[in-house]
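Trainee: Could you put the whole structure together from the sequences, leaning on the hints where they help?
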Amino acid sequence: MFLMRAAILLAIAANAFAQAWVPPAGEGSVSFSYQRIENTGHRLTDGTLIPAGQSLDMGVYVETEYSLTNHLSFAAGLPYVFTKYTDPNPPPPGIPYPPRDQCRCWHSGWQDFGVSTRYNIVWKSLALTPSIAVGVPSHDYEFRGETALGRDLRELRLALDVGGRLDRLSRNVSLQGRYSYAFVEQVLGIPNNRSNLTFEGDYVLKKRLVLRGLMGWQITHGGLRFGSMPPGDPVFPGDVDTPEKLFQHDRLLRDNNFKAGGGLAYSFEKFDLFASYLAYVSGTDSHAGNALTIGFSVPFHLRLPHR
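Residue numbers (the numbering used here): 7 to 313.
Hints are computed from structural coordinates only; laboratory data are not their basis.
Careful: at least some of the hints might be erroneous.
In silico DMTMM-like cross-links for lysine to aspartate or glutamate, where the CA-CA straight-line distance does not exceed 25 Å [as the list claims (entries may be wrong)]:
| # | residue 1 | residue 2 |
| --- | --- | --- |
| 1 | 251 | 52 |
| 2 | 90 | 239 |
| 3 | 212 | 278 |
Mentor: Printed below as a string of structure tokens:
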């Protein structure tokens, strides 16, 4: 089964900590992120954890964002992903996984282009920011196996971010939430759209140091259930009951999950450092594991000439 690495990389990239606010006109940033995802097992359709099929994913993500006005910004990015099958046991028999899972070789390549735009409606202490994003595979890569680079599917994501500072409680505390709905390219006529809901709480510990708490839920609308051990419902192979579905199942599973963790950021005069850690707490037809992200963001100022 395949974890949605693209979604994770985009969700924890540098400016994801402030999606409810848009930089001032003429301001932008270039962000560099490194992420290490340790997949420690799989969760079956009934939520049971099976410590098998472990793998390691590492990714480098580069994104740039620029604000045309005080309310409108654009961003674009592209991750480069490294993957390796790490389980001492071979992959499960009967599943058409590629040879690199058998040899435990490193596999790497570019993943999906991401382009987005955000518009900030409310300013100052409260922000309401709708956005639209498009994800397009950079090339026709392999989507099967524990070492897949991604799902090789096009996506259109609509999102709404809400954020505010709790000035009456403490000027050091702010909260924000995000809901997004992804329209995902169908394969075999199977719907596979998804909803993502995230919450973030920030506390300014010192003038330049911010601590963060993070939670995120994912619900897939459609997709395939791979089943569970008896007497689970459904039992293996669940909805994956044809050779065509078996071949495509890595990118069509009904991956529902809950993640929680924390992070911090420190602002220097010319750049910002950030880090986060997320654990996969629960889920169905999903992976178990954790994700560590570290990176830095460099701001820039660019005034476009007026016509």
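Trainee: Is the Cα-Cα distance between residue 90 and residue 239 25 Å or less?
Mentor: Roughly 31 Å between the alpha carbons, so the hint for residue 90 and residue 239 is violated.
Trainee: Taking 25 Å as the top limit, are the C-alpha atoms of residue 251 and residue 52 close enough?
Mentor: Answer holds: residue 251 to residue 52 is near 20 Å, not above 25 Å.
Trainee: Are the Cα atoms of residue 212 and residue 278 separated by 25 Å or less?
Mentor: holds (14 Å)
Hint compliance for this structure: hint 2 is the single one not met.
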